[in-house]
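Visitor: Read off the chains here:
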Amino acid sequence: MSLPYLSLAIWVPIGAALAVLAMGGDRNAPLQRMLALAGALAGFLVTLPLYAGFDTGTAQMQFEEFAPWIAAFNVNYHLGVDGISVLFMILNAFITVLVVVAGWSVIESRVGQYYASFLMLSGVMNGVFCALDGVLFYVFFEATLIPMFLIIGVWGGPNRVYAAVKFFLYTLAGSLLMLVALLYLYGKSGGSFAILDWHKLPLPLGAQQWLFFGFLLAFAVKVPMWPVHTWLPDAHVEAPTGGSVVLAAIMLKLGAYGLVRFSLPILPDASRELAWMMIALSLVAVVYIGLVALVQTDLKKLIAYSSISHMGFVTLGFFVFNAWGVEGALVQMISHGFVSAALFLCVGVLYDRMHSRMIADYGGVVNTMPRFAALMMLFAMANCGLPATSGFVGEFMVIMGAMQQSFWLAAAAATTLVFGAAYTLWMYKRVIFGAVANAQVAALKDINPRETLVLGLLAAAVLFMGLYPLPFTEVMHASVGELLRHVAQPK
Amino acid sequence: MSLTELLSHLRALPEMILLAGASALMIVDLLSKHAGRRTSFWFAQAVLALCFVATLYVIAESGGTRYYIFYGLYVSDMLSQVLKLFATLAVSAALVYARPYLLDRGLLRGEFLTLMLFALLGIMVMVSANSFLTLYLGLELLSLCLYALVALNRDVAASSEAAMKYFVLGALASGLLLYGMSMIYGATGSLLLPEVAARAAGLAASSSGHVLLVFGLVFMVAGIAFKLGVVPFHMWIPDVYHGASTAVTLVIGTAPKLAAFAMALRLLVNGLPALAVDWQQMLTVLAVLSMALGNLAAIAQTNLKRMLAYSTIAHMGFMLLGLLSGVVEGNRLNAVDAYGAAMFYTVVYVLMSLGAFGVLLLASRKGYECERLEDMKGMNRRDPWVAFLMLLMMFSLAGVPPLAGFYAKLAVISSVVQAGQIWLAVVAVAFSLIGAFYYLRVVKLMYFDEPAGEVAPAGGGAARVLLSVNGVALLAIGILPQPLMTLCQVAIRSL
Chain Y
1 MSLPYLSLAI
11 WVPIGAALAV
21 LAMGGDRNAP
31 LQRMLALAGA
41 LAGFLVTLPL
51 YAGFDTGTAQ
61 MQFEEFAPWI
71 AAFNVNYHLG
81 VDGISVLFMI
91 LNAFITVLVV
101 VAGWSVIESR
111 VGQYYASFLM
121 LSGVMNGVFC
131 ALDGVLFYVF
141 FEATLIPMFL
151 IIGVWGGPNR
161 VYAAVKFFLY
171 TLAGSLLMLV
181 ALLYLYGKSG
191 GSFAILDWHK
201 LPLPLGAQQW
211 LFFGFLLAFA
221 VKVPMWPVHT
231 WLPDAHVEAP
241 TGGSVVLAAI
251 MLKLGAYGLV
261 RFSLPILPDA
271 SRELAWMMIA
281 LSLVAVVYIG
291 LVALVQTDLK
301 KLIAYSSISH
311 MGFVTLGFFV
321 FNAWGVEGAL
331 VQMISHGFVS
341 AALFLCVGVL
351 YDRMHSRMIA
361 DYGGVVNTMP
371 RFAALMMLFA
381 MANCGLPATS
391 GFVGEFMVIM
401 GAMQQSFWLA
411 AAAATTLVFG
421 AAYTLWMYKR
431 VIFGAVANAQ
441 VAALKDINPR
451 ETLVLGLLAA
461 AVLFMGLYPL
471 PFTEVMHASV
481 GELLRHVAQP
491 K
Chain H
1 MSLTELLSHL
11 RALPEMILLA
21 GASALMIVDL
31 LSKHAGRRTS
41 FWFAQAVLAL
51 CFVATLYVIA
61 ESGGTRYYIF
71 YGLYVSDMLS
81 QVLKLFATLA
91 VSAALVYARP
101 YLLDRGLLRG
111 EFLTLMLFAL
121 LGIMVMVSAN
131 SFLTLYLGLE
141 LLSLCLYALV
151 ALNRDVAASS
161 EAAMKYFVLG
171 ALASGLLLYG
181 MSMIYGATGS
191 LLLPEVAARA
201 AGLAASSSGH
211 VLLVFGLVFM
221 VAGIAFKLGV
231 VPFHMWIPDV
241 YHGASTAVTL
251 VIGTAPKLAA
261 FAMALRLLVN
271 GLPALAVDWQ
281 QMLTVLAVLS
291 MALGNLAAIA
301 QTNLKRMLAY
311 STIAHMGFML
321 LGLLSGVVEG
331 NRLNAVDAYG
341 AAMFYTVVYV
351 LMSLGAFGVL
361 LLASRKGYEC
371 ERLEDMKGMN
381 RRDPWVAFLM
391 LLMMFSLAGV
401 PPLAGFYAKL
411 AVISSVVQAG
421 QIWLAVVAVA
431 FSLIGAFYYL
441 RVVKLMYFDE
451 PAGEVAPAGG
461 GAARVLLSVN
471 GVALLAIGIL
481 PQPLMTLCQV
491 AIRSL
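Line by line, the protein sequences are chains Y and H. Position 61 (the first sequence) corresponds to 61 in the numbering used here; numbering is contiguous. Position 433 (the second sequence) corresponds to 433 in the numbering used here; numbering is contiguous.
It is worth saying that the hints were derived from the structure and are not from the lab. Watch out, some of these pointers could steer you wrong.
Far from chain Y, some chain H residues (derived; all Cβ distances over 12 Å) [what the hints assert, rightly or not]:
#1 S32
#2 Y74
#3 L85
#4 L141
#5 S206
#6 L293
#7 F395
#8 Q418
#9 G460
#10 V469
#11 P481
Cβ pair distances, simulated, as ranges [as the list claims (entries may be wrong)]:
#12 Y:P202 - H:L137: 51 to 57 Å
#13 H:I479 - Y:T58: 29 to 35 Å
#14 Y:L48 - H:G367: 57 to 63 Å
#15 Y:D352 - H:V472: 33 to 39 Å
Here a beta-carbon is modelled for each residue, glycine too, at the ideal position from N, C-alpha and C.
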């Protein structure tokens, strides 16, 4: 008899969020912080058995839970994970702990609401990753908007309202068409919302193509793919550090995950038919957005564009339809979760001290913050895909996958190694090296133990994944293999 | 008259209690000296509670069977009884919300309570109507009470103007409806809905008969559209919502929607199923226009009551989508789902509307009306709990999961897709997105902006407790929508 770990992963953080909210206003802030940390840790702990007890030999759903929910529509509370989704739940819970710690002394107003938003977001996103019912998925997918909307809008920067509303409407616009697509599938499958049933549902190519675009809009906005990416730089710039971290590390993965869970297996013919388009859009993201990142003067914007460029790699990997590509894309997603989170936290560390995100305001930070400079160096290297960091593994695998498809595709994708290195290292040089730029930089204090702990944990994860990726890839093998077999067959 | 025949009239027990109660209330109110109208208020609530229990009794006694009483003029089925339950609850809640507001303004007079009870009686007669005449009687009773309620605040010019507009347009709409009914009566020779349905089916087969019926149908649909407040018969809604005092707006925006829904269902689905193709086309036009105009015009509003008025137009348009997707090429397979979805939508809408206007009432003070968008600024600082409740209402109105409003939209869009009208579903979804913007703006004002000036937190007391229940109910229905959905489907099956 095992516990319902998936339900726990969803509801423990949400329960903690309610408990934090129930403690009232800022008078109880210290207690609320402790409770939030306890909730986040508990949420992380309950995801660990998912990895420990995971059977890597099968592509079947594991830890399944099933309960009727809305009988009138045959909607069920159906949860389960396979090799594709399980790692994201653990990543999500892990990042949540870091976000709670990172906001410890930074957030001073409406502390309870801040932590409750993040915990709620964490639980809901876990729900997205393990929902096996179309409506349940949609509910979780959409429910992520409310906490993130509040996080950006309440604790964000000067232009936060614009960014929050843009974020909300953009993502809602995408997902509403997905709702129509889900309902269409519900009708076609004779009244079933079970995602796994839809995998087997025969559909003519024409219908598949329409559905593909219905889903694509929802997921492309979330990923985000060029040209529906414009909300992301705004959201990142205005969001508080924690918001940026969760947005980049987990929320963007929801879109990419949706592509593997819905678009590829349910619409294999359309996916193959339209792969050229997806590859083209991905390459635009990789190359063009890489160039855009190069000219940014705002640290957060630069990392935001870098995220879009890296996510272009992920979508590229999915649509080359081979094991290298798909596994590489999944590895890249996890690696990007660590690296982008770390980079946004680094910017947060600087911002908390200087209250500026402009690259031009910095220079020579290494002189006053050597420990910070060393850690950020590692993350910058990981962001450009240096071997022995996690960033390398995913990019290498995706390029290998692209190579099997065509040499020129791989060559175009590989330019990211050049652009990535260019914008990341140039940014690093301008911020960290050189002479001390101004009196404010001269007065900087190096990172405190709390910040060291957060960045150190991420550094360990980045290095571990770069040096020994097997624990990550072995989980995926069976599921990815099954997915590819499925996609290769015409419906 | 035999005893059983006499007893069968007990199926109209809730109406009888209400009529007796409302009449007694007029006398009780004369004797009540208390400025707060405490006796009258609690008497009215007691009547409503009794009425609720009586409805439950009728449901239990009939066991879901349909009975015709008063020589077929009146029908007692699950649909009518369930709608009566919701209407009673809505009116009872409206009284609780409105009481402190009206007290502050010296408007809590016996008339208000009496008119509310008679309005409810009108609603009950409408939902149970089995004949054109009964329906019309119920409609007029309801409408006349509402006209008077709008004019209640007679010292304010805007209220009188709104009442006048409402009355003139309402009378016109009633005229249209009556004219349509007379045409159908002329064609079929009956006022009883089941007979009309049977004869219309025969007539519709011939082209001349069909023309005659459609002629009447157009006028009837116009009358229904007016009562629902859908484009292009929506003109009265913004002015009346805005002009009436918020407490009365709350009344107009809630329980009567249930009656209008029942009226559409009785007249079109019960009375003229033979013309389903025709009225579905008409409703399609009305629905699309309403969603478009309602959602777009709401964006431009700076007054919350006007914004909610346009939001009502959009929501009623959305609800029509459920009504128009029941019959596909003469096949009624989709009917229970579709009409059930429309009913679910209406009930959830009433709940949301009650909550949203309830927040406005609660946040208003003596000499201070909370009705402009700016008044929502910084609500989270002033009163986090009320701000949170309003957030629930707004996200629910916008149709964001996991709130009840989402399942309402889901159910309706689902039935539209099952009816094969994908384009209509896409249109509905697109306008929902536009609608999300102005609901979001309210949340933005409450949470992101600083309060403009010093305003005391919202009031307390029974209204606050009930509002909390209301908000949490939206969340609860959102998490477990099954019971309410089943109830709606059971009600529709009895149709």
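Visitor: Check the non-interface label on P481 (chain H): least C-beta distance to chain Y beyond 12 Å or not.
Guide: violated, 6 Å
Visitor: Q418 (chain H): least C-beta distance to chain Y exceeds 12 Å?
Guide: violated, 5 Å
Visitor: For V469 (chain H), is the shortest beta carbon distance to chain Y beyond 12 Å?
Guide: Holds: least Cβ distance 17 Å, greater than 12 Å.
Visitor: Was F395 (chain H) rightly flagged as not at the interface, with every chain Y Cβ beyond 12 Å?
Guide: violated, 6 Å
Visitor: Is it correct that the beta-carbon of L85 (chain H) has no partner in chain Y closer than or equal to 12 Å?
Guide: holds, 19 Å
Visitor: Take a look at whether the Cβ-Cβ distance between I479 (chain H) and T58 (chain Y) falls inside 29 to 35 Å.
Guide: holds, 32 Å
Visitor: For the pair D352 (chain Y) and V472 (chain H), does the Cβ-Cβ distance stay inside 33 to 39 Å?
Guide: This hint holds: roughly 38 Å between Cβ atoms.
Visitor: For G460 (chain H), is the shortest CB-to-CB distance to chain Y above 12 Å, so the non-interface label stands?
Guide: Label holds. Min Cβ-Cβ 17 Å, cutoff 12 Å.
Visitor: Would you say the C-beta atoms of L48 (chain Y) and G367 (chain H) sit inside 57 to 63 Å of each other?
Guide: holds, 59 Å
Visitor: Between P202 (chain Y) and L137 (chain H), does the beta-carbon spacing fit 51 to 57 Å?
Guide: holds, 56 Å
Visitor: Can we trust that L141 (chain H) is non-interface, i.e. its beta-carbon lies farther than 12 Å from all of chain Y?
Guide: The claim holds: L141 (chain H) sits with its nearest Cβ about 34 Å from chain Y, beyond 12 Å.
Visitor: Determine whether the non-interface label on S206 (chain H) survives the test: each CB of chain Y must be over 12 Å from its CB.
Guide: holds, 35 Å
Checked against the numbered hints above, the structure violates hints 7, 8, 11; every other hint is satisfied.
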